[in-house]
Every structure is written in structure tokens, then in C-alpha cells.
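A.B. asks: If you want the building blocks of each chain, they are given just below.
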Amino acid sequence: MAATETFRRPFLERLAHHARVVHVTAAAEFKLKYSGSALGYVWSVVKPLGLFGMLYVVFGRFMRLGNFPHYPLYLLLGIVLWTFFADASTLMMYSLVGRGNLLSKLAFPRLIVPLSVSTTSAITLCVNLVAVAFFIAANRVVPRVEWLLLIPLLLELFVVTLGVGLFLGPLFVRLRDVSQVWDLVLQLMFYASPIIYPVGFLPPWWKPIAFISPFVQIIQDARAVVLPHTPVGTAASIYGTDWGYAIPLFTGFAITFLGYLFFRREAPYIVERL
Amino acid sequence: MPRYAIEVENVSKTFRIPHENRNTIKEHFLHPLKRTSYEANNALRDVSFTVEPGEFFGIIGPNGSGKSTLLKIIAGIYPPGSGTVRRHGLLSPFLELGVGFNPELTARDNVRINGTLLGLTRKELDKRFDDVIAFAELERFVDQKLKNFSSGMQLRLAYSIAIQVEFDILLLDEVLAVGDQSFQEKCAATFTRLHAEGKTIVFVSHDLHGVRSFCNRALLIRNGVAEALGPADEVVDHYLGPTHDAASPPVAAAGER
Numbered sequence: 001m002a003a004t005e006t007f008r009r010p011f012l013e014r015l016a017h018h019a020r021v022v023h024v025t026a027a028a029e030f031k032l033k034y035s036g037s038a039l040g041y042v043w044s045v046v047k048p049l050g051l052f053g054m055l056y057v058v059f060g061r062f063m064r065l066g067n068f069p070h071y072p073l074y075l076l077l078g079i080v081l082w083t084f085f086a087d088a089s090t091l092m093m094y095s096l097v098g099r100g101n102l103l104s105k106l107a108f109p110r111l112i113v114p115l116s117v118s119t120t121s122a123i124t125l126c127v128n129l130v131a132v133a134f135f136i137a138a139n140r141v142v143p144r145v146e147w148l149l150l151i152p153l154l155l156e157l158f159v160v161t162l163g164v165g166l167f168l169g170p171l172f173v174r175l176r177d178v179s180q181v182w183d184l185v186l187q188l189m190f191y192a193s194p195i196i197y198p199v200g201f202l203p204p205w206w207k208p209i210a211f212i213s214p215f216v217q218i219i220q221d222a223r224a225v226v227l228p229h230t231p232v233g234t235a236a237s238i239y240g241t242d243w244g245y246a247i248p249l250f251t252g253f254a255i256t257f258l259g260y261l262f263f264r265r266e267a268p269y270i271v272e273r274l
Numbered sequence: 275m276p277r278y279a280i281e282v283e284n285v286s287k288t289f290r291i292p293h294e295n296r297n298t299i300k301e302h303f304l305h306p307l308k309r310t311s312y313e314a315n316n317a318l319r320d321v322s323f324t325v326e327p328g329e330f331f332g333i334i335g336p337n338g339s340g341k342s343t344l345l346k347i348i349a350g351i352y353p354p355g356s357g358t359v360r361r362h363g364l365l366s367p368f369l370e371l372g373v374g375f376n377p378e379l380t381a382r383d384n385v386r387i388n389g390t391l392l393g394l395t396r397k398e399l400d401k402r403f404d405d406v407i408a409f410a411e412l413e414r415f416v417d418q419k420l421k422n423f424s425s426g427m428q429l430r431l432a433y434s435i436a437i438q439v440e441f442d443i444l445l446l447d448e449v450l451a452v453g454d455q456s457f458q459e460k461c462a463a464t465f466t467r468l469h470a471e472g473k474t475i476v477f478v479s480h481d482l483h484g485v486r487s488f489c490n491r492a493l494l495i496r497n498g499v500a501e502a503l504g505p506a507d508e509v510v511d512h513y514l515g516p517t518h519d520a521a522s523p524p525v526a527a528a529g530e531r
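Residue numbers (the working numbering), protein chains in the order written: chain A, 1 to 274; chain B, 275 to 531.
Check before you lean on any hint, since a few could be wrong.
When the alpha-carbon atoms are kept at most 30 Å apart in a straight line, the in silico DSSO-like pairs for lysine-lysine are as follows [to be verified]: (1) B:460 to B:397; (2) B:401 to A:47; (3) A:33 to B:421; (4) B:421 to B:460; (5) B:421 to B:397; (6) B:460 to A:33; (7) A:47 to B:460; (8) A:47 to B:397; (9) B:460 to A:31.
No wet-lab data here; the hints were simulated from the structure.
Turn these sequences into a full structure, and let the hints steer you where they fit.
C.D. replies: Pasting the structure below:
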């Protein structure tokens, strides 16, 4: 099979062009998400906070899952990070089909679509993290230099989530019931991961399995970094060695790399399968 | 300067159209023995031609003959099934009535997105934005959502963007289809100007009169096969004339170059 050979601009110019496209489309995406709603962007903060409120009342108060310092913050941090993953992966799943009109008219790198969608979700995450910062301040947790470790953790979260989205987008183009399956998988992952409860609640045999997931590792590490006085199980403590990090990091890398390969293979045929 | 603006070499394209659309997992896994039968739709069969730089090139043919598929392959939206397409120069596509607008966004946002996708920087966009809107005569509707636009208004905006970006090759699919008289005249004026500027234009249309008056050469496609290639007038005559007049084909067959 031969491909269409095209005239190409110089590499840097192309890179700048793609960056501009991601910027413009992500901004439009953000607008679209809340078009026609009165509260608009406010929802992006209200929704995770609402979820947090509900889960806190049910699991924190009624069921007393969190008998340790700063459980509300522990829970909030987990929910905010989880919400990013759930939102971004779902949006990326629908993104190619949703932009079929544009895809069928202009030849641009298809990777731009999931990338701009996940960037939009990343903006929302940042807004949510500001809300978390207020809670942290209200709880009088003292800021530490170690908090800077959040930056690589958030980058890891972004990249691995993108990797998952690179699978979901083209899969949804091929099979529309991927969306039903993904809804269930998200629910399953949510309850199988220590998001609302501490790692200690997990059966011993499940702990090493849970930490295969890079999302569990990221959420736990973020909590450990922000809440030093709360006992948080991390990949290192579960596997008993710092090398334990290799497991979730490898999974994350594999997901992203394979997702990229899959997306690259599917990209040319997306339009004709829509 | 390259010798050709566009080189299409032995391009074929087959779409596999499943007889029964299998789009759910159930259909895939519950009936593993029932093989989906596909109907091969040979949209294009071994099409070859070249377009020279600065040429105004027409593509004509009946509905469903493969014109739009060919244009989409040239634009890089479909990969060719076999064969190669080479383009030399920046491309500005106008395919199937538009450049891919989002109906939920305003004209302003749509122009920003499409302009950026077509290669404009922020500065260039700011500079040309008013020109785009003015040419489309949509000043009053800049901040309205596209879904409230008539098809003629959308077409004007799409065409306006397509000609305001930097390009060497312009692909036009049915640009005259839904525009009113005054817009068609405006289009004709820009065609003449762009042609004089040395731009390459590929023009797909059912408006044979337009093809005659604008195009240097034309290609006739029927059932996915390039049936005739040559001076626009002769190809249009061939298309209109008694097609079974095998004794004296008015134009050389497409294969002979």
C-alpha cells in the first residue's frame, strides 16, 4: 500500500503549527463542553466536589472508613485525580466520532484530536487542584518542597491517560459498544482501587495486583506527597522495595506505547469507518 | 519549480461495505461462524493523471462516479488503496460543501479553528479575520452559532476561509452548488484572480458550463474509471455527446499521456 506523499513544511514550523492547533481546538473544546449551561465552567469544580461530598458522607461518616488524619483531603485528592482519568478517557473515546465532520474535510495529524481533548481535561484538573489547595489551606497542612513531586506525577497521569484514550478513540470508531464496556470498566476500577478507602482495606493478595495499575500508584504517591502524616501505602511499601515502582511505571509505559502504535495504525482509516 | 502540482499514479480505492453492518460486539462474538459478507465497492480503478502548476483542472462525472473519493485521496483524507499520489505545494481543501465546521460553535470560533488547521498563525488570523467575514458577507452573524446558518451562508464562509489561507493548490468540490447568483459571480471573480496569480486549482463540479469557461483541462470519471482526459471543452463534449460513438473518440483515452 502506498501513501499520499505530501509537501511538508520544515519540522519546527510543523511543530509550532500543531501546537497552535492543539491550543485552539482545546480552547474550543472547553467552550463546547459547557455551551448552553448557565453555570458553565463552574460545573467542572462542582461535579467532583459533589461526588466528594456524597462519598465522604457515605463512606467517611456512615461507614467510618477513614479513621486516620486528613481522610477528607485523602479522599478529595483521590477523587479529583480519578475524575481527570475518567473524564479524559471517556471524552477521548468519543472524540474521533464526534469530530467526524472535521476529520473528513481536513488532513491533519489525527493525534491532535485526543491530544486537544485531554488537554482540555487537564485544564479542568488544574482548576480542581486549585479548589483542593483551598481545602488544604483550610486544614492547615503546611506546604513542603516535596509537593513539587506532584508535577512529574501529574505528567505521568496525563501521559498514561492519553495512552488509554489512544486505544479507546479508534476502538469506538470500530465498535460502538466500547462505550458501554468502558463505563463498566471505569466503575470497576474505581471500586477496585484504593480511592475511597485506604489500602489497608484491600485483601493482602489483591494489594500487589492493585499496584500494577499506574493510576493507583499515581493517586497513592500524590497523597503520600501532600499528606506526610497520613499513612499511605505506595508502590514501594506494598512491594517492599523502591524497585516496586518499576511495575506500575512499566504498565504505564506499555499502555502509552502500545496505545500510540495502535492509534498510528488505525489513524488513516478512521474517516472511512466513521 | 516542480514539473507537476499533483501526480496521481495508478490510484485505486476499494471500500468494503458490509452487507449487514456489524458495529456491535454482540454481532462479532455471538455469531463468530457467520462471516460478514462484504461488497467491494471499487470507487476508483487505476486512475492516473497529472495537474501542472498554475493549471485550472476540472473533474466531471455523474453522481457516485468517484470524483469526491479522488479529491479526498488527493487531500490526504483517505489513503489510496494502491498507487501513489504526490503533491508539490501547500494545499487548501474545500470538500463536500465545507471545511468541517462545528455547528455548536460561533462563526468566529470556527474561522479560528479552521484557519489555524489550514496553517495560519494567530497574527495572520487576526489580520485576515475581517477579510474572511467580509468576503462571506457575514459581518452581522459573526457571533452566531453555525447551526443557525443557512447552507448558503456556511458555504460562503467555508469558501472564504479556503481562499484566505496560504496555498499553492486549491481543491474545490461543488463550490457553486448552493450559492446564490451574486456569490457565484464572486467566486468566478476569485477564480480568475487566483488563476492569474498562478495558483493550481482542481475543480469538481456538475456545472459543465463553469468547467468549460474556467478550466484548461478536465478529467471525466465514470464508474471509478478515468474515461477521458484533455482540453476542458472536448471532455465536456464527450461527456454530453453520444457516449457510444466509438468510431471517433473525441479525446485521447486517459491512459495515453
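A.B. asks: Against this structure, judge whether each hint is valid.
C.D. replies: Status of the hints after comparison with the structure:
Proximity of residue 460 of chain B to residue 397 of chain B is assessed by CA-CA distance (about 27 Å); at most 30 Å being required, the pair is judged to hold. For the proposed pair residue 401 of chain B and residue 47 of chain A, the alpha carbon gap of about 40 Å is over 30 Å, so the pair is violated. With a C-alpha separation of about 16 Å, the suggested pair residue 33 of chain A and residue 421 of chain B falls inside the 30 Å cut-off, and the hint holds. Restraint check: the Cα-Cα separation between residue 421 of chain B and residue 460 of chain B comes to about 24 Å, which is no more than 30 Å; the hinted pair holds.
This hinted pair checks out: residue 421 of chain B and residue 397 of chain B have alpha carbons roughly 27 Å apart, not beyond 30 Å. Of the pairs offered as hints, the one joining residue 460 of chain B and residue 33 of chain A is violated, with about 37 Å between alpha carbons and a cut-off of 30 Å exceeded. The straight-line distance between the Cα atoms of residue 47 of chain A and residue 460 of chain B is roughly 50 Å, outside the 30 Å bound, and the hint therefore fails. Proposed proximity of residue 47 of chain A and residue 397 of chain B is contradicted: the alpha carbons are some 37 Å apart, above 30 Å.
This hinted pair does not check out: residue 460 of chain B and residue 31 of chain A have alpha carbons roughly 34 Å apart, beyond 30 Å.
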